[in-house]
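Residue numbers (the numbering used here), protein chains in the order written: chain A, 1 to 173; chain B, 1 to 135.
If you are wondering where the hints come from, they were derived from the structure by calculation, not from laboratory data.
Quick caveat, the model's predicted, so the values are computed rather than measured.
Each hint should be verified, as a subset may be incorrect.
As the list claims (entries may be wrong) - Listed next, the in silico DSSO-like pairs over lysine-lysine satisfying Cα-Cα at most 27 Å (straight line):
(1) 32/B - 11/A
(2) 12/A - 25/A
(3) 32/B - 63/A
(4) 84/A - 63/A
(5) 63/A - 110/B
(6) 2/B - 134/B
(7) 25/A - 50/A
(8) 118/B - 2/B
(9) 15/A - 28/A
(10) 12/A - 32/B
(11) 118/B - 15/A
(12) 84/B - 28/A
(13) 110/B - 54/A
(14) 79/B - 54/A
(15) 84/B - 75/A
(16) 75/A - 79/B
(17) 2/B - 12/A
What the hints assert, rightly or not - A few chain A positions that, by computed beta-carbon distances, are all more than 10 Å from chain B:
(18) 51
(19) 62
(20) 80
Just so it is clear, CB atoms sit at the ideal spot from N, CA and C, and this is done for glycine as well.
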Amino acid sequence: MSMNTNHNDIKKDFKNIFNARSEEKEIKHDAFILMSAFLSEIEFIQDQRKITRKELAERIGVKAPYLTQVFRNNKPLNFYTLAKIKRVLGITFNVIASSKETKAASVDEIRALEGNSFYKMSETAPIEKGTIAKNSCLWVASKENTQSGPTGSLTTVGSFTTNNNYGAKTVSL
Amino acid sequence: MKREFNIFRQSEDYDSLLKRRLCVDTDPRYSKEIRDFIYSNLDDFLIVAERVLTFQRMYYDKYNQEYRHTSGNQVSAFKFIEIKNTRIYCQEMSYSDGQFFIICARLFEKKSQKNNKKNLPLLVTISKYEYEYKP
Numbered sequence: 001m002s003m004n005t006n007h008n009d010i011k012k013d014f015k016n017i018f019n020a021r022s023e024e025k026e027i028k029h030d031a032f033i034l035m036s037a038f039l040s041e042i043e044f045i046q047d048q049r050k051i052t053r054k055e056l057a058e059r060i061g062v063k064a065p066y067l068t069q070v071f072r073n074n075k076p077l078n079f080y081t082l083a084k085i086k087r088v089l090g091i092t093f094n095v096i097a098s099s100k101e102t103k104a105a106s107v108d109e110i111r112a113l114e115g116n117s118f119y120k121m122s123e124t125a126p127i128e129k130g131t132i133a134k135n136s137c138l139w140v141a142s143k144e145n146t147q148s149g150p151t152g153s154l155t156t157v158g159s160f161t162t163n164n165n166y167g168a169k170t171v172s173l
Numbered sequence: 001m002k003r004e005f006n007i008f009r010q011s012e013d014y015d016s017l018l019k020r021r022l023c024v025d026t027d028p029r030y031s032k033e034i035r036d037f038i039y040s041n042l043d044d045f046l047i048v049a050e051r052v053l054t055f056q057r058m059y060y061d062k063y064n065q066e067y068r069h070t071s072g073n074q075v076s077a078f079k080f081i082e083i084k085n086t087r088i089y090c091q092e093m094s095y096s097d098g099q100f101f102i103i104c105a106r107l108f109e110k111k112s113q114k115n116n117k118k119n120l121p122l123l124v125t126i127s128k129y130e131y132e133y134k135p
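Pulled out of the complex, with its shape left as it was, chain A reads as follows:
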């Protein structure tokens, strides 16, 4: 990469930051993002329950600096540690897999959309297909993911088309 000083070149350099890297690096990156998905949920629970990292480390029998390294993505999170955390916090993880083409709206994304108004399901109302207007969203949050719709559980209801400011997008729920 050339370190040009021209403004347009700097702009281009920033865009190029995200150019494809070696497959090995991409896989390592993806691994840390996957770990982060679990770690982010754990931190959320910790915040809610006011459990410090040191306390969590003590409860699962590891050193606090080790856990800090894990939370900073400096060390990989192994599933054995994850299982211990799951056990001491008394939580479960719900995993959803989907193909890239019909990417399921992640729990994170659904949460992020909450409260933006538009369409809200009641606790008992069936889930319906619909078009989501610009700058609005479908409210589908379910604490236990147990609400049922026309075709079954929340995660298999169907797709909704969003017309947002970056084009239409189908969200599978």
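Based on these hints, arrange chain B on the given structure of chain A.
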């Protein structure tokens, strides 16, 4: 005079439904050193960038809020603790249509744990930056 910025990555690039934008202040005095630092620590930066742009809870050890000005402007930081405790200070800015901009403004090597007379003036300066967004 209002400052300008360039968007170089956004949530949609990851097929996320969020509307966050990672940007850089166009002032070449600072954007060059931010660019050079990112390229030198690319793997770390890319992980933090994806987390910030796609996770609902974007604040964590490596990206967090640092300072809030009385005007309401918020300054955040990408934290590279193992790399001379370097920070990329950013101003966070919301736009009326729901877009959320994280504008990388300055690079800083933090010498102490807490904010002090060395970096606080910089945080205040960044918090006072007025950015112009041209849709």
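Structure-based check of each hint:
Distance restraint check for residue 32/B and residue 11/A: the Cα-Cα separation of roughly 10 Å lies within the 27 Å cut-off, and the hinted pair is therefore satisfied. Between residue 12/A and residue 25/A, the direct Cα distance comes to roughly 22 Å. Compliance with the 27 Å bound is thereby established for this hinted pair. Our distance criterion of 27 Å between C-alpha atoms is broken by residue 32/B and residue 63/A, whose separation comes to about 39 Å. The straight-line distance between the Cα atoms of residue 84/A and residue 63/A is roughly 14 Å, inside the 27 Å bound, and the hint therefore holds.
Only pairs whose Cα atoms come within 27 Å are accepted, and residue 63/A paired with residue 110/B is accepted, the gap being roughly 26 Å. The straight-line distance between the Cα atoms of residue 2/B and residue 134/B is roughly 12 Å, inside the 27 Å bound, and the hint therefore holds. Pair hint residue 25/A plus residue 50/A does not hold up; C-alpha atoms about 35 Å apart against a cutoff of 27 Å. This hinted pair checks out: residue 118/B and residue 2/B have alpha carbons roughly 25 Å apart, not beyond 27 Å.
Distance check on the hinted pair: residue 15/A and residue 28/A sit about 21 Å apart at the alpha-carbon level, within 27 Å; holds. Restraint check for residue 12/A and residue 32/B: the C-alpha separation of about 12 Å stays at or below 27 Å, so the hint holds. Proposed proximity of residue 118/B and residue 15/A is contradicted: the alpha carbons are some 32 Å apart, above 27 Å. Taking the CA atoms of residue 84/B and residue 28/A, the gap is about 24 Å. The hint holds against a cut of 27 Å.
Of the supplied pair hints, the one linking residue 110/B and residue 54/A holds, its CA atoms being roughly 24 Å apart against a limit of 27 Å. Among the hinted pairs, residue 79/B with residue 54/A is consistent with the structure: their alpha-carbon atoms are about 21 Å apart, no more than 27 Å. This hinted pair checks out: residue 84/B and residue 75/A have alpha carbons roughly 19 Å apart, not beyond 27 Å. A distance of roughly 16 Å separates the Cα atoms of residue 75/A and residue 79/B; the hinted pair therefore holds under the 27 Å criterion.
For the proposed pair residue 2/B and residue 12/A, the alpha carbon gap of about 22 Å is at most 27 Å, so the pair holds. At roughly 15 Å, the least C-beta separation between residue 51/A and chain B is larger than 10 Å, which holds for a residue marked as non-interface. Taking the minimum C-beta to C-beta distance to chain B, about 17 Å, the non-interface status of residue 62/A holds against the 10 Å cut. Every CB of chain B lies more than 10 Å from the CB of residue 80/A, the least distance being 22 Å, so the non-interface label holds.
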